[in-house]
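Note that the protein sequences, when read in sequence, are chains A and B.
All letters in the first sequence, in the order written, are residues 1 to 187 by this note's numbering.
All letters in the second sequence, in the order written, are residues 188 to 825 by this note's numbering.
Simulated from the structure, these hints should not be mistaken for lab results.
Ideal Cβ positions, reconstructed from N, Cα and C, are used throughout, including at glycine.
Hints should not be assumed to be uniformly reliable.
[Said to hold, decoys possible] Which stretches of chain A does chain B cover? Using the computed rule of at least three CB atoms under 8 Å from a CB of chain B, they are:
1) 19-28
2) 123-133
3) 152-166
Here is how the chains run, residue by residue.
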Amino acid sequence: MTAIYIMLGLALVLGVLLGFAALLFKVEGDPLIARIDAILPQTQCGQCGYPGCKPYATAIANGEADINQCPPGGDAGVRALAELMGVEYKPLNAEHGAPKPKSVALIDENTCIGCTLCIQACPVDAILGAAKHMHTIIASECTGCELCLVPCPVDCITMQPIAETPDNWKWKYPVIPIKALSSGGVI
Amino acid sequence: MHSIIQFVSRLISSKRIKSGIYPFQGGVHPDGRKEASTASPISRFPIPDKLVLPLRQHVGYIPKIRVQVGDYVLKGQMLAEAEGNVSAAIHAPTSGTISQISEEVIPHPSGLPDMCMTLIPDGKEAWTTLTPIDWRNQPKHQLVSSLRASGIVGLGGATFPTHIKVRADGKSHIHTLVINAAECEPYITCDDMLMRERADEIVKGIEIVQFLLGAERCVIGIEDNKPEAIASMQAACHAMEYLSVKVVPTLYPSGDARRLIHLLLDTEIPHNKRATDVGVQVFNVATVLAIYRYLVFGEPAINRIVTVTGGVNHPKNFEVLFGTPLRTLIDAAGGAKENASHFIMGGPMMGFDLPSIDVPITKAANCIIVATPELFPEPPSALPCIRCTRCADACPVYLQPQELYWFSKSDNFEKARDYNLFDCIECGCCSYVCPSNIPLVQYYRYAKSEIIATDRAKEAANLARERNEFRLSRIEREKLERAQKHAERAAAGKAEAAKAEAVKAEQIPDNSTQKASSTGADDVKKAAIAAAIERAKALKTAAAQSEHAPVNASKEKLEQVAAPAVPPKASDDEKVKQDKQALIAAAIERAKAQKLAANQAGNSPMNTDNVSPAVQAEINEIDAMRAKAKELIDQEKA
């Protein structure tokens, strides 16, 4: 008899605990889409064939799209997606374009006629301007998606690869031995 | 067993307390090679032909330029103002003209050009108005904000803006000020010479910093390979009881802030915390001196002591104006030896190769080593790692360098981060002891910059995602707003039309007595139609009745029936219907009454008494016709 009470009591306590846990740790939405979206570079370029990174993430999650359709994400992106989805790595699909060095758009301010077409095309609102006024790119917000190039009627937008400055410079992989090594340690 | 360990550890710790020094794990003993540059006192040399002042001389944001090309500036005048929190100002090291603001090669491991201001000195050394501050009688926050304009940064090499370190934000209480004078790296002697020659000023500077921080005590840590500096400092501060000079054994890297704190205070700062979190703040001796000169004399940061050593003819320490070309400095030290291969800024352990001899001296330049093949022979090529873990034994920050090496080499950055790659101080002890001559620190630097770049990309991606989502939601919202506006406009148009209709209805010389209310055009129309139908019906009835009723009566009836044909109140359908019914009922009633009256009058009209003979004849005619018609109907009926 005592055993039954103990079991009942346990069941009650655990049930309440589980109920609270379900309330406390409630997961909203599909976390898989969010996780895929976190890997994608958020260029919003649409090279994958979907109108943005989130739709592509949704398509991958639903099994409608392959993992190798994102050129800006590069090889590392495909590997990360393969690992997340538990599928075999495959090289980037050339149909969707090749990876390019990271660039930002630049508007030739002398040529710009202020038509606002590029402003409407920009997926991240990185172009500033008004009708019949010169437009300019907010370089720090530009993802380099190139979506503004096509609508421009006067072809005044060009893509500029991001220059290397002391600020974004990276130490290179050590292939050449450093000279100062033997006598006093590494440089 | 446990008690034995406790006993032994107590024995060891008591021994340590006696000496007052708490050694840290790891570290190496590289050959000091400091003697060469300490033989002669700190020298000066004539003002160079031009000074190149990079904007990037400190950790943090780039300062904002306050001058233009062609401006004449005085010595000590601010050229660039600190922008943002972590930033430092830049001042004119001497009087002269700003000749250009352009990109020049800066002393940076990348060898890339960056924005610089070029000053052509006029040789007059004309000072700007200096404003010394009576620091004892000033509120601390004012002193801190004035230090923001001083341009002083950590002169030990880290170049962190000093005003941030003395900020009295009340977040953490600083009880101990540590003055870093260990100068543990080989070749460098600038702090040593500074302490030998200017100990009094340093002590005054310590007093100021201690006042600013509100620290109760101060410990100066000097390595035992600088006996002259120790003697000089001890002499300068023997009268101050809160100030103590502690001699630490020569061991690289005891000059690292956390190692020095461990050595002097026996406090190990957790890897994710700062020294200020445990109530300790560390300043370099030269920085303290710069603070003294700024507050007491008003002189901003315009020069520093630089050790020029290695393959030069006269190794020496110089007081150098910021912006001085390296070439001028090397010439002042008697020129580089013929076989000089390259120049190293900083020490041999942590410094980097300068891209050329044409770079300027900046706030970070504590030492310039001219490398020659004898001093820095070509290292033997790296061999595979044999996992001997000598690097782990030498690591002063308790890392596993061999693991970090594997992860960095194989681009396994997440794993490297998990193994606390970012705690690595890049001291180079691991590379120094590596029997396979692997340039370990190079791998860590590579991995660190890759991780930093990835993190930045991730941040940018998050920003892009946020902006994209905002844009999509904005487009959606605008669409809704547009739809709403359209609906509103349509409604407004209808209302307008209804009003126009109502106005029209009023203008028509109708027998309408009631105004169409504003309920809408449809109701008005309906009501009008209904009224018309009603009228037609009434006419029909009247016509039917007039068979038996006299002409006058039928006329009267018609009038009476027509009267209610006014557009009824359109506001209420029910009411309209009731009104109509009432009217119809009344009309029927009247008709009946007339019929009855006519019957009573013997089928003769009531108002035929005084009619003219012509009219009477007409009446008779009509009566005859009626009688005929009646007969015909009766016949048909029959």
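Each hint, compared with the structure:
As drawn, the stretch 19-28 of chain A meets chain B at 0 residues by the rule of a beta-carbon pair under 8 Å; below three, the given contact is violated. Restraint check on the stretch 123-133 of chain A versus chain B: 4 residues with Cβ-Cβ distances below 8 Å, three needed, restraint holds. Beta-carbon proximity to chain B at under 8 Å applies to 3 residues in the stretch 152-166 of chain A; the threshold of 3 is reached and the given coverage holds.
Hint 1 alone, counting from the list given before, is not met by this structure.
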